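Visitor: With the hints as your guide, set chain U onto chain P.
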Amino acid sequence: AQRVTQPEKLLSVFKGAPVELKCNYSYSGSPELFWYVQYSRQRLQLLLRHISRESIKGFTADLNKGETSFHLKKPFAQEEDSAMYYCALRRGGNYQLIWGAGTKLIIKP
Amino acid sequence: DSGVTQTPKHLITATGQRVTLRCSPRSGDLSVYWYQQSLDQGLQFLIQYYNGEERAKGNILERFSAQQFPDLHSELNLSSLELGDSALYFCASPGAAHEKLFFGSGTQLSVL
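If you're matching them up, the sequences are chains P and U in order.
According to the working numbering, the stretch in the first sequence is residues 1 to 109, in order.
According to the working numbering, the stretch in the second sequence is residues 1001 to 1112, in order.
Excised from the complex, chain P in its bound form (with noise of 0.2 Å):
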């Protein structure tokens, strides 16, 4: 079955902590994976997307096929990403994603 995972609903960090939320995936295909980001009153957003390769806000992940994961990492939480953070998997060429259950990143002063 297709599936993504998070297993953490609540993560609580202190500001300048490292941070990383978990991510796993069930997923026979080549998967794209991604990780948006709501927070408080704004709409969903991308953050990241696994082929992209790249950092915004200071966030990375990689795609790790062999224990199916992608974890999204920072080195040093600051107060503004406390939100909710969503990782998702596409499957084929539209966007009819699969969703995590999402992880509430507090961080605090």
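Some hints here could point you the wrong way.
Unchecked claim - Derived lysine-lysine pairs resembling DSS-like cross-links, with alpha carbons at most 30 Å apart: (1) U:K1057 / U:K1009; (2) U:K1057 / P:K57; (3) P:K22 / U:K1057; (4) P:K57 / P:K9; (5) P:K73 / P:K108; (6) P:K73 / U:K1100; (7) P:K65 / U:K1057; (8) P:K108 / P:K22; (9) U:K1100 / P:K104; (10) P:K9 / U:K1057; (11) P:K104 / P:K73; (12) U:K1009 / P:K57; (13) P:K57 / U:K1100; (14) P:K9 / P:K108; (15) U:K1100 / P:K22; (16) P:K22 / P:K73; (17) U:K1009 / P:K65; (18) P:K57 / P:K22; (19) P:K65 / U:K1100; (20) P:K9 / U:K1009.
Since the hints were derived computationally from the structure, they do not count as laboratory data.
Source: prediction; values computed, not measured.
Guide: Chain U only, in chain P's frame:
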């Protein structure tokens, strides 16, 4: 601003009723995707339209239907509403480069 517009922002109605949610995709985008976000089911893909035609269906109930009009705006019709239909309904369009989805701000539906 993502360029995707959804109305209304909030909708409160009673069980058994019917509502219509409206979405205008980004200028020039032919595709519209509808998603449902609920507390128990999380985010789920409902349906996709492309240039007026249904392209893909996800976990959409038979009580729900959608259409896309010649001006490319889309409507999601929810009928015989139940308490469990209370959710945030998003629409999204993929942009010219199809690199990502641009989301609307959502319609919060409350069924009482």
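Visitor: Between K9 (chain P) and K1057 (chain U), does the CA-CA distance stay at or below 30 Å?
Guide: holds, 28 Å
Visitor: Next pair to validate is K1100 (chain U) with K22 (chain P); report whether the Cα-Cα distance is within 30 Å.
Guide: Holds: K1100 (chain U) and K22 (chain P) sit about 21 Å apart, inside 30 Å.
Visitor: Could you grab the alpha-carbon distance between K9 (chain P) and K108 (chain P) and see if it respects the 30 Å cut-off?
Guide: Measuring from Cα to Cα gives roughly 17 Å; hence the hint holds.
Visitor: Do the alpha carbons of K1057 (chain U) and K57 (chain P) lie within 30 Å of each other, as the hint requires?
Guide: violated, 34 Å
Visitor: Does K73 (chain P) sit within 30 Å of K22 (chain P), going by the straight-line distance between their CA atoms?
Guide: Holds, at about 9 Å.
Visitor: Quick one, are K9 (chain P) and K1009 (chain U) close enough, alpha carbons at most 30 Å?
Guide: Between K9 (chain P) and K1009 (chain U) the Cα gap is close to 26 Å, so the pair holds against 30 Å.
Visitor: Straight-line Cα separation of K1009 (chain U) and K57 (chain P) no greater than 30 Å?
Guide: holds, 29 Å
Visitor: Hinted pair, alpha-carbon criterion (30 Å max): K1009 (chain U), K65 (chain P). Please report holds or violated.
Guide: Judged against 30 Å, a Cα distance of about 40 Å means the pair is violated.
Visitor: Take a quick look at whether K1100 (chain U) and K104 (chain P) sit within 30 Å of each other, Cα to Cα.
Guide: Answer holds: K1100 (chain U) to K104 (chain P) is near 22 Å, not above 30 Å.
Visitor: Given the hint that K73 (chain P) pairs with K108 (chain P), test it: the Cα-Cα distance must not exceed 30 Å.
Guide: Answer holds: K73 (chain P) to K108 (chain P) is near 17 Å, not above 30 Å.
Visitor: Starting from K73 (chain P), check that the Cα of K1100 (chain U) is at most 30 Å away, please.
Guide: The hint holds at about 20 Å.
Visitor: Below or equal to 30 Å on CA atoms is what counts here, so check K65 (chain P) against K1100 (chain U).
Guide: Between K65 (chain P) and K1100 (chain U) the Cα gap is close to 22 Å, so the pair holds against 30 Å.
Hint compliance for this structure: hints 2, 17 are not met, and every other hint is.
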